[in-house]
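Chains as they are written, first to last, in the numbering used here: chain Z, 28 to 200; chain F, 28 to 200; chain Y, 28 to 200; chain S, 28 to 200; chain U, 28 to 200; chain G, 28 to 200.
Mixed in with the good hints, there may be bad ones.
Note that the list lumps identical chains together, so a pair holds whenever it fits in one copy or between two copies.
[Claimed, not checked] Taking lysine-lysine and the DSS-like style, the derived pairs with C-alpha atoms no more than 30 Å apart in a straight line are:
1. K123 to K185
2. K174 to K123
3. K152 to K50
4. K174 to K136
5. K136 to K185
6. K152 to K182
7. K136 to K182
8. K152 to K174
9. K185 to K152
10. K136 to K126
11. K126 to K185
12. K126 to K182
13. K123 to K182
14. K123 to K50
Calculated from the structure, these hints are not laboratory results.
There are 6 protein chains.
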Amino acid sequence: MTSRCVYVGRFQPPHCGHLHVIKWALQYCDELIIVVGSAQESYTLKNPFTAGERLEMLRLALADEGLDISRFWLIPLQDIAMNSVWVRYLEVNLPKFDKAVSRNPLVVKLFQDYGYEVLVPPAYKREVCSGTRIRQLMLSNDSRWEKLVTPSVAKYIKQIGGVERIILLAHGD
Amino acid sequence: MTSRCVYVGRFQPPHCGHLHVIKWALQYCDELIIVVGSAQESYTLKNPFTAGERLEMLRLALADEGLDISRFWLIPLQDIAMNSVWVRYLEVNLPKFDKAVSRNPLVVKLFQDYGYEVLVPPAYKREVCSGTRIRQLMLSNDSRWEKLVTPSVAKYIKQIGGVERIILLAHGD
Amino acid sequence: MTSRCVYVGRFQPPHCGHLHVIKWALQYCDELIIVVGSAQESYTLKNPFTAGERLEMLRLALADEGLDISRFWLIPLQDIAMNSVWVRYLEVNLPKFDKAVSRNPLVVKLFQDYGYEVLVPPAYKREVCSGTRIRQLMLSNDSRWEKLVTPSVAKYIKQIGGVERIILLAHGD
Amino acid sequence: MTSRCVYVGRFQPPHCGHLHVIKWALQYCDELIIVVGSAQESYTLKNPFTAGERLEMLRLALADEGLDISRFWLIPLQDIAMNSVWVRYLEVNLPKFDKAVSRNPLVVKLFQDYGYEVLVPPAYKREVCSGTRIRQLMLSNDSRWEKLVTPSVAKYIKQIGGVERIILLAHGD
Amino acid sequence: MTSRCVYVGRFQPPHCGHLHVIKWALQYCDELIIVVGSAQESYTLKNPFTAGERLEMLRLALADEGLDISRFWLIPLQDIAMNSVWVRYLEVNLPKFDKAVSRNPLVVKLFQDYGYEVLVPPAYKREVCSGTRIRQLMLSNDSRWEKLVTPSVAKYIKQIGGVERIILLAHGD
Amino acid sequence: MTSRCVYVGRFQPPHCGHLHVIKWALQYCDELIIVVGSAQESYTLKNPFTAGERLEMLRLALADEGLDISRFWLIPLQDIAMNSVWVRYLEVNLPKFDKAVSRNPLVVKLFQDYGYEVLVPPAYKREVCSGTRIRQLMLSNDSRWEKLVTPSVAKYIKQIGGVERIILLAHGD
Numbered sequence: 028m029t030s031r032c033v034y035v036g037r038f039q040p041p042h043c044g045h046l047h048v049i050k051w052a053l054q055y056c057d058e059l060i061i062v063v064g065s066a067q068e069s070y071t072l073k074n075p076f077t078a079g080e081r082l083e084m085l086r087l088a089l090a091d092e093g094l095d096i097s098r099f100w101l102i103p104l105q106d107i108a109m110n111s112v113w114v115r116y117l118e119v120n121l122p123k124f125d126k127a128v129s130r131n132p133l134v135v136k137l138f139q140d141y142g143y144e145v146l147v148p149p150a151y152k153r154e155v156c157s158g159t160r161i162r163q164l165m166l167s168n169d170s171r172w173e174k175l176v177t178p179s180v181a182k183y184i185k186q187i188g189g190v191e192r193i194i195l196l197a198h199g200d
Numbered sequence: 028m029t030s031r032c033v034y035v036g037r038f039q040p041p042h043c044g045h046l047h048v049i050k051w052a053l054q055y056c057d058e059l060i061i062v063v064g065s066a067q068e069s070y071t072l073k074n075p076f077t078a079g080e081r082l083e084m085l086r087l088a089l090a091d092e093g094l095d096i097s098r099f100w101l102i103p104l105q106d107i108a109m110n111s112v113w114v115r116y117l118e119v120n121l122p123k124f125d126k127a128v129s130r131n132p133l134v135v136k137l138f139q140d141y142g143y144e145v146l147v148p149p150a151y152k153r154e155v156c157s158g159t160r161i162r163q164l165m166l167s168n169d170s171r172w173e174k175l176v177t178p179s180v181a182k183y184i185k186q187i188g189g190v191e192r193i194i195l196l197a198h199g200d
Numbered sequence: 028m029t030s031r032c033v034y035v036g037r038f039q040p041p042h043c044g045h046l047h048v049i050k051w052a053l054q055y056c057d058e059l060i061i062v063v064g065s066a067q068e069s070y071t072l073k074n075p076f077t078a079g080e081r082l083e084m085l086r087l088a089l090a091d092e093g094l095d096i097s098r099f100w101l102i103p104l105q106d107i108a109m110n111s112v113w114v115r116y117l118e119v120n121l122p123k124f125d126k127a128v129s130r131n132p133l134v135v136k137l138f139q140d141y142g143y144e145v146l147v148p149p150a151y152k153r154e155v156c157s158g159t160r161i162r163q164l165m166l167s168n169d170s171r172w173e174k175l176v177t178p179s180v181a182k183y184i185k186q187i188g189g190v191e192r193i194i195l196l197a198h199g200d
Numbered sequence: 028m029t030s031r032c033v034y035v036g037r038f039q040p041p042h043c044g045h046l047h048v049i050k051w052a053l054q055y056c057d058e059l060i061i062v063v064g065s066a067q068e069s070y071t072l073k074n075p076f077t078a079g080e081r082l083e084m085l086r087l088a089l090a091d092e093g094l095d096i097s098r099f100w101l102i103p104l105q106d107i108a109m110n111s112v113w114v115r116y117l118e119v120n121l122p123k124f125d126k127a128v129s130r131n132p133l134v135v136k137l138f139q140d141y142g143y144e145v146l147v148p149p150a151y152k153r154e155v156c157s158g159t160r161i162r163q164l165m166l167s168n169d170s171r172w173e174k175l176v177t178p179s180v181a182k183y184i185k186q187i188g189g190v191e192r193i194i195l196l197a198h199g200d
Numbered sequence: 028m029t030s031r032c033v034y035v036g037r038f039q040p041p042h043c044g045h046l047h048v049i050k051w052a053l054q055y056c057d058e059l060i061i062v063v064g065s066a067q068e069s070y071t072l073k074n075p076f077t078a079g080e081r082l083e084m085l086r087l088a089l090a091d092e093g094l095d096i097s098r099f100w101l102i103p104l105q106d107i108a109m110n111s112v113w114v115r116y117l118e119v120n121l122p123k124f125d126k127a128v129s130r131n132p133l134v135v136k137l138f139q140d141y142g143y144e145v146l147v148p149p150a151y152k153r154e155v156c157s158g159t160r161i162r163q164l165m166l167s168n169d170s171r172w173e174k175l176v177t178p179s180v181a182k183y184i185k186q187i188g189g190v191e192r193i194i195l196l197a198h199g200d
Numbered sequence: 028m029t030s031r032c033v034y035v036g037r038f039q040p041p042h043c044g045h046l047h048v049i050k051w052a053l054q055y056c057d058e059l060i061i062v063v064g065s066a067q068e069s070y071t072l073k074n075p076f077t078a079g080e081r082l083e084m085l086r087l088a089l090a091d092e093g094l095d096i097s098r099f100w101l102i103p104l105q106d107i108a109m110n111s112v113w114v115r116y117l118e119v120n121l122p123k124f125d126k127a128v129s130r131n132p133l134v135v136k137l138f139q140d141y142g143y144e145v146l147v148p149p150a151y152k153r154e155v156c157s158g159t160r161i162r163q164l165m166l167s168n169d170s171r172w173e174k175l176v177t178p179s180v181a182k183y184i185k186q187i188g189g190v191e192r193i194i195l196l197a198h199g200d
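Extracted from the complex, chain Z is given alone in its bound form (with noise of 0.2 Å):
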């Protein structure tokens, strides 16, 4: 029996916190789920990029770190109105799973209402590390979002204008 855990996240975008998450979730499954959140936001400040960029970023972030391929789903899913119904919905819309992954006590708590085992990776250097931060990197023009990124990441973005897409927005009524 295939075991498959989820991941669900923005991945806005995808950085060295959510690698080091689907790595240390690789441990404990054959497969893992990549869920692109909020699929439906694009181009505003907190969502700059469109989920099919965040899909391709995804890809190109784990082929960099020379992960297998065929060991991974990735999914863009919208967002529901329904948080009560949020569970039922993946279980919709994704491939079965047995086991979820998150830091987020409230989720922890839905999955586990509805019998998933959840695990919960170890800390890592949020502060340093999270799409908040590289996104007010990329709006102050700081080039060090660069290092929070993989290479081929960081090629995508600058190939797509990414940096000044968020500087534009910011500039948005």
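With chain Z fixed as given, assemble chains F, Y, S, U and G onto it according to the hints.
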């Protein structure tokens, strides 16, 4: 530059006709994005399987055919109300693609209007191998449907009680 | 511990068949949750009455039958797109229940998959007493429909011009 | 006080029947609000043209007829789920109006229930001049449809490839 | 003719302030329709409880106060996007009512614009007894919240782990 | 070939800043499409007026300025969730346009990415003349707002009780 084709279907369930197209299309691109459309639909006669089940069956079918998983993207996508926005909606939710695969003249036209090259696969005995026919065989408990999907998909459908589900759906209100 | 059954219908309008089920189900629980489904629908041939009108008729019918109002919950509920999430959607929007009432094999299956006991009421002359038949009698201005609802419901429908409404709807585009 | 009539249609495409109603209604009000309904629909057999295309064709038709553009409002409006709220929805989205124009008995009733005067235009050879007939003529590549719209509308439809679009839509899945 | 008042709240959770209004309003009508608003919300800091839980708590509170259940309607209702359609939305989804109860000047105005009589209940120590204060007390694990709801509601909240839920929600992302 | 510019705003309410842009833009196109954005919003502090009221005020303002109504399209449009699809959404719902008017750098970028020419109007004393300032003046019952809209718009707002509405909205929950 990676060349990517997009191929959209409902995959209720994935069958030999789909696999025929998939293998044909792989000749013309590095990666194939398979979009599981109408992802929001399930438990109806026309759409008995959930998006998650269809994703799982697709991967089983690709493996049965010995295809290289790392050349595929399997992406579920909900319908949108506005047909005229549809290609743009795909662009936003998928990795960048440069070609589309379809035999539907309208779909061909929509992609061409956006400047995409469209690959039209050769016809493939649709009277024998179509989702509609498979669901009808299931409804009449005629096991010939099993020959129209790959062995692992047939096994999966039996495991989740897919045939019983379709028969129940036919008795619904 | 209060035992609660849930019974879902469209109640267009509430009729003798519904009351038959309701009285039968009261034997097996302390309270009965009556869900007025498709609450968003009205002013169509299949759903002529608004959710508010259906709630009002239900209470009139229960009173006509001398049933104890305090044993009931009357809850309007809009449809959701995803069938496969439906039971969870009920759980979130209703008081906690432990049994469901239905003759529809699919509905029975859906509730059972969630671990609920399902009560299947005995068949009740559906060819005589169904919403479809009542609406057809109204359309042909055949007063026999009045015998298929309780007296207060018949009076209410006449007061709000329900028969004229259905005839108008049939002349719509 | 400016007197305004509201006239709702789908205008797929605007034709002689619509113009007949429009000219008739202008006798009874200072301004006419033409609502392009089902604005969200397009690229289907029943609704081939986008809201934008329909707005453009309407203005061309009014100009062809030598009508004074400044007496019109052309407003696209999406459908809402709840019929019973529809008149209120119009009130919120349109300039204040005091009369409605319709031959549909249900629409007449809905407006009257809100206290509006309803103008019922005289019948106009519907078997000859209707959107349905025009779309069928187009489908069979029968050029008689051109006589049922104004010259500029016919020219516009040919320019945007409207007939080809409808034929493609008929070959769609 | 049955006189009915409508009273809309979020009831997160139902507390002494609500009961004060409810008992006051009962003097002026035969039946009171209690609308559980924002029914789609739950598992957020501002809306921790599901619609179903709020319905259940409301009935417990009414029973604790010795009120006659048969004089009430408890109706969950989702928010709609358009404020200007709101009163019409209530009319469609509720039994016919002739009065509304509110202290909010805008709500008073909206109902009055539709011709309803509005009952404005006397002020009731809002600094002591409000949903916001109760949720804050829960967050700081201060048991004084228990005095602001009826005994059965306090017991119910403890049974479903309501306080723990709110604390978890505060630790969420 | 008719040249058309598109100009999107919320127009809460239409004021001298908008008119400044409108008159400036008319130099560069035959027709101007004015899009009343966030059409679904009303009766909030940020969006006090309905789409219908805003359309009516816009036409009054254009007439006050002696502009030729037949050169304008006034189109209400609801927001969509997906920013990245927005320009395509405009294309589908509006008459064909070839230029856009905006000072917002992100909007400029979005239109340019679709190949449109963008006209950037000169700055216009935003600290004096903005919707935000007008609504704040109304809130403090400071009649200086009347000088920032045209006379007919000021009269209209007074007629519909617009200032009282905003004050009520500020007292809302």
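Now the hints, each set against the structure:
1. K123 to K185: For K123 and K185, only the inter-copy Cα distance (15 Å) is at most 30 Å; the intra-copy one is 36 Å.
2. K174 to K123: between (35 Å within a copy, 25 Å between copies)
3. K152 to K50: within (16 Å within a copy, 45 Å between copies)
4. K174 to K136: Classified as between; 28 Å across copies, 34 Å inside a copy.
5. K136 to K185: Answer is between; shortest inter-copy Cα gap is 16 Å, intra-copy 39 Å.
6. K152 to K182: Within one copy only: 24 Å inside, 41 Å across.
7. K136 to K182: between (38 Å within a copy, 21 Å between copies)
8. K152 to K174: Answer is within: at 14 Å inside a copy they meet the 30 Å cutoff, but 43 Å across does not.
9. K185 to K152: Only inside one copy: K185 and K152 sit 25 Å apart there, 36 Å across copies, limit 30 Å.
10. K136 to K126: Intra 13 Å, inter 26 Å, cutoff 30 Å: intra and inter.
11. K126 to K185: between (35 Å within a copy, 24 Å between copies)
12. K126 to K182: For K126 and K182, the Cα distance is within 30 Å only across copies (24 Å; inside one copy 33 Å).
13. K123 to K182: between (34 Å within a copy, 15 Å between copies)
14. K123 to K50: both (20 Å within a copy, 26 Å between copies)
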